[in-house]
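Model the full assembly from the supplied sequences, consistent with the hints where possible.
Quick note, the sequences are listed as chains G and Z, same order.
Here our numbering is used: the first residue of the first sequence is 697, the next is one more, and so on.
Here our numbering is used: the first residue of the second sequence is 281, the next is one more, and so on.
Everything labelled a hint here was simulated from the structure, so no lab data went into it.
Note that the Cβ used here is the ideal one computed from N, Cα and C, for glycine as well.
Incorrect hints may appear among the rest.
Stated by the list, open to error - Going by beta-carbon spacing under 7 Å, a handful of chain Z positions derived as facing chain G: (1) Pro288; (2) Arg311; (3) Gln321; (4) Gly322; (5) Pro323; (6) Leu371; (7) Phe381; (8) Arg382; (9) Glu383; (10) Gly387.
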Amino acid sequence: GESVGLHLPTLSVQEGDNSIINCAYSNSASDYFIWYKQESGKGPQFIIDIRSNMDKRQGQRVTVLLNKTVKHLSLQIAATQPGDSAVYFCALSTNAGKSTFGDGTTLTVKP
Amino acid sequence: DTGVSQNPRHKITKRGQNVTFRCDPISEHNRLYWYRQTLGQGPEFLTYFQNEAQLEKSRLLSDRFSAERPKGSFSTLEIQRTEQGDSAMYLCASSSSGTRFREQFFGPGTRLTVL
Numbered sequence: 697g698e699s700v701g702l703h704l705p706t707l708s709v710q711e712g713d714n715s716i717i718n719c720a721y722s723n724s725a726s727d728y729f730i731w732y733k734q735e736s737g738k739g740p741q742f743i744i745d746i747r748s749n750m751d752k753r754q755g756q757r758v759t760v761l762l763n764k765t766v767k768h769l770s771l772q773i774a775a776t777q778p779g780d781s782a783v784y785f786c787a788l789s790t791n792a793g794k795s796t797f798g799d800g801t802t803l804t805v806k807p
Numbered sequence: 281d282t283g284v285s286q287n288p289r290h291k292i293t294k295r296g297q298n299v300t301f302r303c304d305p306i307s308e309h310n311r312l313y314w315y316r317q318t319l320g321q322g323p324e325f326l327t328y329f330q331n332e333a334q335l336e337k338s339r340l341l342s343d344r345f346s347a348e349r350p351k352g353s354f355s356t357l358e359i360q361r362t363e364q365g366d367s368a369m370y371l372c373a374s375s376s377s378g379t380r381f382r383e384q385f386f387g388p389g390t391r392l393t394v395l
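Below you can see the structure in the form of structure tokens.
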């Protein structure tokens with residue numbers, strides 16, 4: 697079956713620095729790879745996704761990189777802000793919409 | 281439309297009791313998902329609907345769990361004979377079935393505590 701793991705459960709960065717959150721997966725059959733952000737007391741919020749036939753996608757202040765050779769996914773956040781403090785999950789999704797989530801990395805942004 | 285709503289937000293029950301949670305998705309979304317999340321872990325898929333049809337169920341969804349979406353709008357998740365291990369946050373999400381189907385919008389969750 698699928699499994700998703702994050703490299704570090706916690707990450708602390710200085711405000712204004714760039715953040716990189718990493719994720720490893722085991723199943724290559726996923727159609728999409730997705731990053732979610734979850735703030736305390738709220739449900740996860742979609743940030744960005746990348747199709748399995750791509751290796752990079754950019755959004756507003758965020759970039760997702762996909763390396764299918766080593767089954768690795770990363771989320772880069774530029775100029776990290778205090779509002780970026782949250783738990784970040786990577787998820788694998790099929791075309792049917794079912795998503796398999798990893799366990800999350802807690803990002804703390806220090807002022 | 282203010283997004284996905286879930287009721288109640290918190291539920292405390294005694295072991296052996298039945299509980300029911302409700303999810304109201306974003307009105308134009310025809311896909312609806314239920315997940316369970318325990319502290320420190322990512323959400324675990326339970327089941328999903330396209331309109332009123334339940335298309336997939338996880339093996340986590342034991343026979344004590346049942347979900348319905350009778351008219352293709354709101355959904356209910358019922359847990360019968362609750363056990364302490366059922367204590368978790370139950371999340372509902374919805375999405376369209378078009379090109380943005382993978383962008384799931386989550387509700388705030390229902391936190392269940394089984395005593």
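Structure-based check of all given hints:
Evaluation of the proline 288 of chain Z hint against chain G yields a violated restraint, the C-beta minimum of about 15 Å exceeding 7 Å. Against a cut-off of 7 Å between C-beta atoms, the interface hint on arginine 311 of chain Z holds, since the closest Cβ of chain G lies about 6 Å away. Interface hint at glutamine 321 of chain Z: satisfied, since its Cβ lies 5 Å from the closest Cβ of chain G, which is below the 7 Å cut-off. Among the interface hints, the one on glycine 322 of chain Z holds; its C-beta lies about 3 Å from the nearest C-beta in chain G, closer than the 7 Å criterion.
Hint status for proline 323 of chain Z: holds, given a least beta-carbon distance of 5 Å to chain G, under 7 Å. Interface restraint check for leucine 371 of chain Z: the shortest CB-CB distance to chain G comes to about 5 Å, inside 7 Å, so the restraint holds. A distance limit of 7 Å between C-beta atoms decides the matter here; for phenylalanine 381 of chain Z the minimum to chain G is near 5 Å, and the interface restraint holds. Given the 7 Å rule on beta carbons, the hint for arginine 382 of chain Z holds: about 5 Å separates it from the nearest Cβ of chain G.
Nearest Cβ of chain G to the Cβ of glutamate 383 of chain Z: about 5 Å, under the 7 Å cut. The hint holds. The beta carbon of glycine 387 of chain Z comes within 5 Å of a beta carbon in chain G, closer than 7 Å, and the hint placing it at the interface holds.
Going down the numbered hints, you'll see the structure goes against just number 1.
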